[in-house]
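Student: Input sequences plus hints: build the corresponding full structure.
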Amino acid sequence: MTDLITVWQRSTVAELSWTTSAGPSGIPVVPLMWRERPCAALPYSVAKTALSLRGRHVAFSVSDADAGGRTAVVGSGPVEVVEDLAGEEFLEHMAEQEALKHPPTRLRTDSLMGRRENWWWVPRVLVSLPVVEEQRELHPRTRSGDALLVRDRAGRPEVDVVTAQDWSDGTAESITLWSRGGGLLDGAREPAFVFSHQYSPDFERWERWSRSGHLTGESLLVNEVEGAPTGEAPSGPLSPYSLLERFTNHRSLARTCRTAIRRAESREVS
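For the sequence shown, the residue numbers in full-length UniProt numbering are 1 to 270.
If you are wondering where the hints come from, they were derived from the structure by calculation, not from laboratory data.
Please note that a few of the clues may not be correct.
[Claimed, not checked] Derived DMTMM-like pairs (lysine to aspartate or glutamate); straight-line CA-CA distance at most 20 Å: (1) Lys48 <-> Glu265; (2) Lys101 <-> Glu207; (3) Lys48 <-> Glu218.
Tutor: Have a look at this one:
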């Protein structure tokens with residue numbers, strides 16, 4: 001059995017998946033270790049999502065064959081969510097790890113000057129998995145059309161790797177899914193979220209694509225669409241931003257992080 005912690009440590013990209021009353025969901029993350037446990041140090045641009053995971057069971061997965069090896073793995077359990085608003089834990093224990101795996105962090109935090117200029121990238125919401133209650137191997141994502149299927153099983157996320165011949169970009173479309181691990185999905189008209197993520201070589205672009213809807217048997221009736229896979233590899237890869245696009249994206253990300261940090265500081269004061 002492939003060990004989640006071992007794969008998590010050596011991988012460059014990973015995923016978190018969970019379920020709520022609104023349905024299943026998931027996001028791509030940079031896999032880090034904190035206090036000898038799997039962790040994702042999420043920037044404040046996604047603080048609302050990160051904070052909503054408190055008290056939930058979350059699945060931590062490494063599914064990209066290029067990132068984790070020939071076998072994918074998923075482990076789940078109740079998470080601990082900590083606001084590191086000053087960025088002290090991140091800088092002391094995780095910044096170096098993330099800089100090795102994620103080039104934008106290396107550019108923003110590799111020097112004191114960079115940290116001062118990009119101070120908004122230092123505060124994080126830490127989502128960690130103290131105990132891996134369940135763990136299993138998955139078929140890895142080996143091509144661009146492979147994705148994670150997330151469903152609710154008794155209030156906990158169940159994750160499989162699936163593919164489709166055509167990821168239609170329209171709603172009210174029925175998409176036939178195939179399990180990459182073999183076997184039937186046997187959907188029972190339950191809510192389902194299918195997602196994957198692709199990135200440019202410099203990671204300035206890192207985008208999730210997804211389909212959400214209801215799974216009946218092997219068919220997903222789509223009611224929400226986000227993006228679409230490109231290229232042939234799991235990563236795509238996506239084309240790098242132009243200089244103007246890179247500048248615009250950086251400004252937008254900084255603005256979103258600063259706004260969320262101010263809200264967090266206001267909560268602390270009140």
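Student: Could you grab the alpha-carbon distance between lysine 48 and glutamate 265 and see if it respects the 20 Å cut-off?
Tutor: Roughly 14 Å between the alpha carbons, so the hint for lysine 48 and glutamate 265 holds.
Student: Taking only the CA atoms, is the gap from lysine 101 to glutamate 207 under or equal to 20 Å?
Tutor: Holds. Lysine 101 to glutamate 207 sits at ~16 Å (cutoff 20 Å).
Student: If you draw a straight line from the CA of lysine 48 to the CA of glutamate 218, is it 20 Å or shorter?
Tutor: Violated: lysine 48 and glutamate 218 sit about 33 Å apart, past 20 Å.
Hint check: a violation occurs at hint 3 only; the rest are consistent with the structure.
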